[in-house]
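Colleague: Keeping their order, the protein sequence lines are chains A and B.
Okay, so the first sequence: first residue is 0 according to numbering that gives the first Met the number 0, each after it adds one.
Okay, so the second sequence: first residue is 0 according to numbering that gives the first Met the number 0, each after it adds one.
Don't take every hint at face value.
No more than 20 angstroms apart at the CA atoms, straight line, and that leaves these computed lysine-lysine pairs for PhoX-like [claimed, not checked]: (1) B:Lys436 to B:Lys233; (2) A:Lys408 to B:Lys319; (3) B:Lys414 to A:Lys354; (4) B:Lys254 to A:Lys122; (5) A:Lys390 to A:Lys411; (6) B:Lys436 to B:Lys254; (7) B:Lys411 to A:Lys319; (8) A:Lys411 to B:Lys290; (9) B:Lys414 to A:Lys408; (10) A:Lys436 to A:Lys254; (11) B:Lys379 to B:Lys290; (12) A:Lys101 to A:Lys436; (13) B:Lys408 to A:Lys319.
Just so you know, the hints here were simulated from the structure itself, not pulled from any lab data.
Protein chains: 2
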Amino acid sequence: MRKYFFFFFLSFLIGQLVSAQSPRVLTIRKYGNQNAGNIINEFSTFLSLPNVAADPAGQQKNAAFIMEMMNRRGIQKVQLLNASTPGVPPVVYGEVIVPGAKQTFIFYAHYDGQPVNPAQWAKELDPFQPKLFSNALDKDGTPISFPANGKYNNEWRIYGRSASDDKAGVVAILDAYDAINKMGLVPGCNLKFFFEGEEEAGSPHLDEILEKYKSLLQSDLWVICDGPVHQSGKKQIVFGVRGDTHLDLTVYASKRPLHSGHYGNWAPNPAMMLAKLLASMKDENGRVTIKGFYDDVIPLSPSEKKALDEVPSVDEQMKKELGISAIEMPGVTLSEAINQPSLNINGMQSGNVGKMASNQIPTYATAVLDLRLVLGNDWKRQQQKVIDHIKAQGYYITENEPTDEERTKYAKIIKVISGQDGMNAQRTSMDLPIIQKVIAAVKATSKDQIVLQPTMGGSLPLFLFEKYLQAKTITVPIANHDNNQHAENENIRIGNLFDGIETMGSLMMIK
Amino acid sequence: MRKYFFFFFLSFLIGQLVSAQSPRVLTIRKYGNQNAGNIINEFSTFLSLPNVAADPAGQQKNAAFIMEMMNRRGIQKVQLLNASTPGVPPVVYGEVIVPGAKQTFIFYAHYDGQPVNPAQWAKELDPFQPKLFSNALDKDGTPISFPANGKYNNEWRIYGRSASDDKAGVVAILDAYDAINKMGLVPGCNLKFFFEGEEEAGSPHLDEILEKYKSLLQSDLWVICDGPVHQSGKKQIVFGVRGDTHLDLTVYASKRPLHSGHYGNWAPNPAMMLAKLLASMKDENGRVTIKGFYDDVIPLSPSEKKALDEVPSVDEQMKKELGISAIEMPGVTLSEAINQPSLNINGMQSGNVGKMASNQIPTYATAVLDLRLVLGNDWKRQQQKVIDHIKAQGYYITENEPTDEERTKYAKIIKVISGQDGMNAQRTSMDLPIIQKVIAAVKATSKDQIVLQPTMGGSLPLFLFEKYLQAKTITVPIANHDNNQHAENENIRIGNLFDGIETMGSLMMIK
Chain A
0 MRKYFFFFFL SFLIGQLVSA QSPRVLTIRK YGNQNAGNII NEFSTFLSLP NVAADPAGQQ
60 KNAAFIMEMM NRRGIQKVQL LNASTPGVPP VVYGEVIVPG AKQTFIFYAH YDGQPVNPAQ
120 WAKELDPFQP KLFSNALDKD GTPISFPANG KYNNEWRIYG RSASDDKAGV VAILDAYDAI
180 NKMGLVPGCN LKFFFEGEEE AGSPHLDEIL EKYKSLLQSD LWVICDGPVH QSGKKQIVFG
240 VRGDTHLDLT VYASKRPLHS GHYGNWAPNP AMMLAKLLAS MKDENGRVTI KGFYDDVIPL
300 SPSEKKALDE VPSVDEQMKK ELGISAIEMP GVTLSEAINQ PSLNINGMQS GNVGKMASNQ
360 IPTYATAVLD LRLVLGNDWK RQQQKVIDHI KAQGYYITEN EPTDEERTKY AKIIKVISGQ
420 DGMNAQRTSM DLPIIQKVIA AVKATSKDQI VLQPTMGGSL PLFLFEKYLQ AKTITVPIAN
480 HDNNQHAENE NIRIGNLFDG IETMGSLMMI K
Chain B
0 MRKYFFFFFL SFLIGQLVSA QSPRVLTIRK YGNQNAGNII NEFSTFLSLP NVAADPAGQQ
60 KNAAFIMEMM NRRGIQKVQL LNASTPGVPP VVYGEVIVPG AKQTFIFYAH YDGQPVNPAQ
120 WAKELDPFQP KLFSNALDKD GTPISFPANG KYNNEWRIYG RSASDDKAGV VAILDAYDAI
180 NKMGLVPGCN LKFFFEGEEE AGSPHLDEIL EKYKSLLQSD LWVICDGPVH QSGKKQIVFG
240 VRGDTHLDLT VYASKRPLHS GHYGNWAPNP AMMLAKLLAS MKDENGRVTI KGFYDDVIPL
300 SPSEKKALDE VPSVDEQMKK ELGISAIEMP GVTLSEAINQ PSLNINGMQS GNVGKMASNQ
360 IPTYATAVLD LRLVLGNDWK RQQQKVIDHI KAQGYYITEN EPTDEERTKY AKIIKVISGQ
420 DGMNAQRTSM DLPIIQKVIA AVKATSKDQI VLQPTMGGSL PLFLFEKYLQ AKTITVPIAN
480 HDNNQHAENE NIRIGNLFDG IETMGSLMMI K
């Protein structure tokens, strides 16, 4: 009986230690509150630097800016890690060696952003002129000036490309270290910093860089700071990611645009052909009908299933928030859905619509398919399943514009660009001792539940760290879930940025 | 026997008169050859005036330019016929009273053009900077200067918006009259000229103008100069037009764009929803599956069927030219196809494609449907059949952006804009005496077969002339069939412009 009581008391004590906010976290919070003005000023300048793949010079400026940030913070060995191809956005690296530390953590974030189409952003916004709002735009947020007194409200938002994905990650990591340093604390482990510039382009040179700088990049754990917290607003730790790959499809019809009156219902319509092809890929219940699409999937382990069960349900909240009353696969929860491979249309276009519409039969119709993968899937194999399906619909498949000869020979012609931008899924075991410390450190920052998510719906090239460095990874996201990342009107909630600084700081204190 | 011989001789004589090119036509041809430089200069200046619906001031400049053209030619009563709404592009009117003439012909063309998206035009082209090429662009045409000596080759092309649709019509009519006048000929009938400025916008004020100027517009026949000659290159007379109407469809999903990783295959994808909806509208043989879609159609009369049989088959030629090896409805010829109602996708869009593509689930997907109608169809009834079909697929239909309440209530939401731009089909009997004269006059311009086409695939608001003026109409098109009208890279073949002047001139000589 006493024995049981002892265990009960011990677990109560541990519970208090990890679930309450630790003094060190409160110290970091204090730093954030006192320095919010400077932190946001620097962040805002950072956001005003264009960081899209189409503008390599802009990417270089971002890298230079991060180097300055690191130098100002006294970080050592600040340098660019370059791929062999000139012009590739470099990785920005730096490190802090802590006397007596037994472990080394590498903190990862990326400074590049998704492409922008300014015309799609709200008219008061410019992707590279960060603006402060009193709340989210769709929650009646109104523009406010950056406050001169440095007092920020947690519900305010900053709008701009990469405000959350993932310049917030870079800033949270560097300001967490700044806070530790300035407040007289000492990190518990050696720190390395690794800020990538090609994540949104599918990290095409990450493998090369990891291999080239293998010895510099030795560590006990990579902490990936990217993606959103749980939709419930609770912090989360993510143990894996879905893989991702794409297919660009273009269906061809007449070589020149045709008058829809003079040729309508004689000449083939590529938009209708593409619609039929895409429609053939899913059934009425949102299940992918492509042969073998759900094969290869490695089921979740019992502990992962248990964690999944404890993930708070946000389905009804999300449906309300997104203004939808039905989901794609009736009866499948969001948590279940992201543990399956998916097929999505990212974009689709043929001819013109709206005011630009004209009475024509377009010459082609195009769509971009996004395939998400889970553990067990191979991205090339998954692409091939889709290609085989297209072939089975009677299409001749080419990788180029069709030649006149091909046009004569084949009734249905499609260009399929499968590219080389695929990545497989990855999952880190929850039971490793170092991962248990990470869980405890994140729990130390909040009185609330910390969501343990077996797999993130999104994708990061985490398999590369395993492949080239035999490294462990853990993902600790900080952005608000309604951040519009990858689309127009991207934003970060102020509270999430400062929570992120605390979370990163708590992880840096792990011994 | 002698009686039969007499009839044989008489019909031989008539055949010679009508099938050989008449001296008057040769006189007009001579004028065209001698004045090609001036004709093209004026045409080219005309083409450089932007004439899109989005630019009302530009439309006014076009109207003013036509008035000057008429005044230079000594045409009488030159004036603008205005709708009651200010800013509506006016009709340009003028007339020539011929002493002793017993009939009045009104020549119709339109000066407005389809919307332009300059980015879609070939890079060496600008829609409103007409350029001369040695041949069609897709026949290896190269740019050439407008010749100082005024010698033009029939195969050359002028590229620019409305080069064929339908500023060529305006110019052919006015230059035909100029030729008659300058060469000392006298028109056989009174001439009226009617140049519309809103045809490509669906002629929304034509009814009002026809009613308002009813007495001014009295005539025995309207000659509509619009559309292309037969694809065989032969001239054609068209006795009717298909009707036309549109539906703008927008399927809604999440209120904000979503990351396709974090929400992919949980949140509904509007592009997939739209693809499925569009795909449901046609079967694998290109037949429209919408209930009752082919009902109401009045079959062709025996004489129309005979004319249709004599239309030269261009299906194989067109397939080769367009680079297609299959047509939408297997076994149905082009001539047959345009005598049926049709459903076409003019444009379709969701999210972004190509370099602008991003990993998102779009918030909406939109498409523009074009419905062509034949005699017997009513445009509102035809729209309703499509709307009923959409409803039968489980959609809630609205005419506005969905409200939050509607989003909560309905799983599938679509905005359908049916507009008021519909027009029904029209057909004039081949057997009327005045129509027989028109056939003879066109035959007099060519040794080649004149194609008699019961129905044009395209649409013109000809039912309005019947409705408001109880007038007869006949369509005599002049543009080359491969003119890219309604799309990028619109052009006119030089030979077609001058043939058009002869044809219009021959019609003006009808007594």
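Colleague: If a hint holds in the structure, say so; if it doesn't, say that too.
Modeller: Against the structure, the hints come out as follows:
1. B:Lys436 to B:Lys233: holds (19 angstroms)
2. A:Lys408 to B:Lys319: holds (11 angstroms)
3. B:Lys414 to A:Lys354: holds (16 angstroms)
4. B:Lys254 to A:Lys122: Answer holds: Lys254 (chain B) to Lys122 (chain A) is near 17 angstroms, not above 20 angstroms.
5. A:Lys390 to A:Lys411: At roughly 10 angstroms apart (the allowed maximum being 20 angstroms), Lys411 (chain A) and Lys390 (chain A) satisfy the hint.
6. B:Lys436 to B:Lys254: Between Lys436 (chain B) and Lys254 (chain B) the Cα gap is close to 62 angstroms, so the pair fails against 20 angstroms, i.e. violated.
7. B:Lys411 to A:Lys319: holds (15 angstroms)
8. A:Lys411 to B:Lys290: The given pair, whose Cα atoms are some 27 angstroms apart, is violated under the 20 angstroms limit.
9. B:Lys414 to A:Lys408: violated (40 angstroms)
10. A:Lys436 to A:Lys254: Between Lys436 (chain A) and Lys254 (chain A) the Cα gap is close to 62 angstroms, so the pair fails against 20 angstroms, i.e. violated.
11. B:Lys379 to B:Lys290: holds (15 angstroms)
12. A:Lys101 to A:Lys436: Between Lys101 (chain A) and Lys436 (chain A) the Cα gap is close to 14 angstroms, so the pair holds against 20 angstroms.
13. B:Lys408 to A:Lys319: Holds, because 11 angstroms separates the two Cα atoms, which is no more than 20 angstroms.
Hint check: violations occur at hints 6, 8, 9 and 10; the rest are consistent with the structure.
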